[in-house]
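Chains A and B, in that order, are what the protein sequence lines are. Position 160 of the first sequence, counting from 1, maps to 160 under our numbering, and the rest follow consecutively. The number in our numbering is simply the position in the second sequence, starting from 1, with 1000 added.
I should point out that these hints are in silico values taken from the structure, not numbers from a laboratory. All C-beta atoms, glycine included, are put in the ideal place defined by N, C-alpha and C. Please note that a few of the clues may not be correct.
[Said to hold, decoys possible] Some but not every residue of chain A turned toward chain B, in silico, with C-beta under 10 Å:
| hint | residue |
| --- | --- |
| 1 | Met1 |
| 2 | Ile17 |
| 3 | Glu18 |
| 4 | Leu61 |
| 5 | Gly68 |
| 6 | Ser74 |
| 7 | Thr76 |
| 8 | Ile82 |
| 9 | Tyr115 |
| 10 | Leu121 |
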Amino acid sequence: MKKTLIYFTLAVLFLIIESTLAQAVLPPLLIPDVILIMVFYLGFHRVSIEGVLITFILGYLADAFAGGIIGLSSFTLLLIFILTSRLSKIVALNSLLIKIGGTAFMSILKGTATYIFLRFLNQEIQFYIIFPIAVSTAVISPLVINVLQKTELYFASRKSEPRYTPP
Amino acid sequence: MVSFLKKHRVILTSLALCILSLQIASTNTKGIGGNVIAIKLISAITSPIQYTVTSTLGGIKTVWMSYFYLVNVSKENVLLKNDIARLMEENNQLKETVFLNKRLKELLEFKQSISASAVAADVIGIENTGWIKTATINKGASHGIKRDMAVVTPNGIVGRIIDVQPTTSKILLVIDPRCNIDVIAQRSRIKGIAEGNGTDKLILKYVNHSDDIQIGDILISSGLGGIFPKGLVIGEVVRVEKGDDNFFIYIEVKPGAELRKLEEVLIITENKSPISPLL
Chain A
1 MKKTLIYFTL AVLFLIIEST LAQAVLPPLL IPDVILIMVF YLGFHRVSIE GVLITFILGY
61 LADAFAGGII GLSSFTLLLI FILTSRLSKI VALNSLLIKI GGTAFMSILK GTATYIFLRF
121 LNQEIQFYII FPIAVSTAVI SPLVINVLQK TELYFASRKS EPRYTPP
Chain B
1001 MVSFLKKHRV ILTSLALCIL SLQIASTNTK GIGGNVIAIK LISAITSPIQ YTVTSTLGGI
1061 KTVWMSYFYL VNVSKENVLL KNDIARLMEE NNQLKETVFL NKRLKELLEF KQSISASAVA
1121 ADVIGIENTG WIKTATINKG ASHGIKRDMA VVTPNGIVGR IIDVQPTTSK ILLVIDPRCN
1181 IDVIAQRSRI KGIAEGNGTD KLILKYVNHS DDIQIGDILI SSGLGGIFPK GLVIGEVVRV
1241 EKGDDNFFIY IEVKPGAELR KLEEVLIITE NKSPISPLL
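Let's have the full structure, built from the sequences with the hints guiding it.
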């Protein structure tokens, strides 16, 4: 429950930065998908029911915050989680290449899945926008993964500290 | 069987939630979940922070423009430099007030020119994730805002309200693929549907080869549908090409409203404009 709340809080913070600071600094097509990076990280480090539920909640949060189609991000992010959890059995998330390349690939996959769904709804949208988003997401992924790792380490070290018990 | 379920519980749970998410998404394709408590909670938590960050960014931008463009001065001008810094700060505050005044004056004049009651609001956040194009404003149900109210600026239509919380609301921008507006070309009076393309333009649909449309034509709202009053600018035609189906033309429209620079908007709370029976 605590870890879910931590991820939820981080996700809300990232979404607020995305809707305010990022909009002022970056062009629209270069705004990274930070929630995807979080799910990518979860696919390596939380391959459990907890990870699945956190992914579902993050997807719902992303759609509710942005005003998107509720359920669509949950669906695409869960697909990413499944694929990443499979990938985690082959490689570890310790090299820059895996972080950047893996995130870019997953971002393109997520974009493609979303595109197919929206085209199915007969919406005239451009496919090419998934590529600049994948690039910006990949560039920022090492930083976000670092933040997530440090956050987990911080809370893990707090948990392992012996509690003071009065005499 | 039980051991199979246990062994693959993560994948099975993921697939089950995938199917659930897809089902939710397929029943919610046009808008967002209106009265879900989670959305109210998220909005209550995030909107004050968004407002604070947006205001701070505006202040930082003003300071940057004023202070960091100063030319280096000599030692005799140190005192003058201090005076300049103080005066610049006062001037910046006054300038910001003047710009705000100018924008609000334009908004007020525009409000008086349209035959509709309207409420002004500040944009506190813009969501630009993938093909989703929405914005958050600092007015909500407590200010009389309701779903499907039109949102405009003096330059053109911004979008419509799709979600209302007690103190904030969400606008579906015209460039979002879910936004469809019935339009008329001002010059030739041909009709069509303008739909967002998910990037920075709209697509004008259902205009066939025999219709008179050209680059530079201004599109206005027809008033049909009851959301957008008649006569409001949607945008300008910037591209006309032969369509893939050899029947309809492919037309791109640049929005009239400057969606990248949204600061203040008007929400039309009561649409009084009559729809002409001759339309």
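Hints, verified against the model:
1. Interface hint at Met1 of chain A: violated, since its Cβ lies 16 Å from the closest Cβ of chain B, which is beyond the 10 Å cut-off.
2. The beta carbon of Ile17 of chain A is positioned within 10 Å of a beta carbon in chain B (closest approach about 8 Å), and the interface hint is therefore held.
3. A least Cβ separation of about 7 Å between Glu18 of chain A and chain B falls short of the 10 Å threshold, and the interface hint therefore holds.
4. Taking 10 Å as the C-beta cut-off, the interface hint given for Leu61 of chain A holds, the closest approach to chain B being about 7 Å.
5. Interface restraint check for Gly68 of chain A: the shortest CB-CB distance to chain B comes to about 4 Å, inside 10 Å, so the restraint holds.
6. Hint status for Ser74 of chain A relative to chain B: holds, with the closest Cβ pair at about 4 Å, below 10 Å.
7. Hint on Thr76 of chain A holds. Least Cβ distance to chain B is approximately 8 Å, under the 10 Å limit.
8. Taking 10 Å as the C-beta contact cut-off toward chain B, the hint placing Ile82 of chain A at the interface holds, the least distance being around 5 Å.
9. The closest approach between the C-beta of Tyr115 of chain A and any C-beta of chain B is roughly 8 Å, which is under the 10 Å cut-off, so the hint is satisfied.
10. Below 10 Å, beta-carbon pairs count as interface contacts, and Leu121 of chain A has one with chain B at about 5 Å; its hint therefore holds.
Checked against the numbered hints listed earlier, the structure breaks hint 1 alone; every other hint is satisfied.
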